[in-house]
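Asker: Turn these sequences into a full structure, and let the hints guide you.
Residue numbering for the sequence shown follows the working numbering, beginning at 819 and increasing consecutively.
Possibly wrong hints are sitting among the right ones.
To be verified - Simulated restraints, written as ranges between beta carbons of each label pair:
hint, residue 1, residue 2, range
1, LEU830, ILE894, 47 to 57 Å
2, ARG854, THR948, 53 to 63 Å
3, TYR856, ARG828, 17 to 27 Å
4, GLN825, MET921, 40 to 50 Å
5, LEU930, HIS852, 21 to 31 Å
6, THR846, GLU947, 37 to 47 Å
7, ASN896, THR948, 23 to 33 Å
8, LEU833, THR938, 39 to 49 Å
9, ASP891, ARG827, 27 to 37 Å
10, ARG828, ARG892, 46 to 56 Å
11, GLU935, ARG854, 29 to 39 Å
Note that these hints are calculated values from the structure, not bench results.
Glycine included, C-beta positions come from ideal geometry on N, C-alpha and C.
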Amino acid sequence: PDNDRVQLRRRLLKLPYWIQAMSAWYATRNPFWHRRLYGTIGLTNLSQNYHRPYFGLPPNTHTLTLATGSITDRTILNAQGEATCRKMLCLSAGMDHTVVDGMEAARFNQRLTQLIEAATGLDDSFFQETYSLLQDIPA
Numbered sequence: 819p820d821n822d823r824v825q826l827r828r829r830l831l832k833l834p835y836w837i838q839a840m841s842a843w844y845a846t847r848n849p850f851w852h853r854r855l856y857g858t859i860g861l862t863n864l865s866q867n868y869h870r871p872y873f874g875l876p877p878n879t880h881t882l883t884l885a886t887g888s889i890t891d892r893t894i895l896n897a898q899g900e901a902t903c904r905k906m907l908c909l910s911a912g913m914d915h916t917v918v919d920g921m922e923a924a925r926f927n928q929r930l931t932q933l934i935e936a937a938t939g940l941d942d943s944f945f946q947e948t949y950s951l952l953q954d955i956p957a
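Answerer: Have a look at this one:
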């Protein structure tokens, strides 16, 4: 099946440009084809090493698009009321409101914030595995 798809793509690329453009236009207007070609979630990094808070506005071509901005040092109050310096991630989300209800989007954003703040999935085994993979890369 994969070889058939490759051959089909090669044949499509040999078509005149205006037919390719019209096909792409139609595919992006059909939600089923759009999902199959492009997926439902987009992720982009817009940080560019800024040293101040930067929130990117993601282009919303998917049902959900996340854009990471800069990571900056911010002074916040901890649970004891003491000022501490922490790294803060600027993260923007764009959602297609024809597909996602606003209340569900707010719940998703709240849960995503909780997971990021708790560093879910970043336990010691993750760091050890990542470090060992980086050691195997030739210089």
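Asker: Is 17 to 27 Å a correct range for the gap between the Cβ atoms of TYR856 and ARG828?
Answerer: 20 Å, holds
Asker: Return holds or violated for the Cβ distance of ASN896 and THR948 against the range 23 to 33 Å.
Answerer: 28 Å, holds
Asker: Take the C-beta atom of LEU830 and the C-beta atom of ILE894, compute their distance, and say whether it sits inside 47 to 57 Å.
Answerer: The hinted range 47 to 57 Å holds for LEU830 and ILE894, with Cβ atoms some 53 Å apart.
Asker: I want to verify a distance hint. Is the separation of the beta carbons of THR846 and GLU947 within 37 to 47 Å?
Answerer: Given about 38 Å between the Cβ atoms, the range holds.
Asker: Using the beta carbons of ARG854 and THR948, state whether their distance is inside 53 to 63 Å or not.
Answerer: 32 Å, violated
Asker: Is 21 to 31 Å a correct range for the gap between the Cβ atoms of LEU930 and HIS852?
Answerer: 24 Å, holds
Asker: Starting from the hint 29 to 39 Å, judge whether the C-beta atoms of GLU935 and ARG854 obey it.
Answerer: Holds, at about 34 Å.
Asker: A range of 40 to 50 Å was offered for this pair. Does it hold for the Cβ distance of GLN825 and MET921?
Answerer: With Cβ atoms ~46 Å apart, the hint holds.
Asker: Falls inside 39 to 49 Å, the C-beta gap from LEU833 to THR938?
Answerer: 46 Å, holds
Asker: When you take the CB atoms of ARG828 and ARG892, is the distance between them in 46 to 56 Å?
Answerer: About 51 Å separates the Cβ atoms of ARG828 and ARG892, which means 46 to 56 Å holds.
Asker: Please test the hint of 27 to 37 Å on the beta carbon pair from ASP891 and ARG827.
Answerer: 47 Å, violated
In summary, the structure is inconsistent with hints 2 and 9 from the numbered list given earlier, while agreeing with the others.
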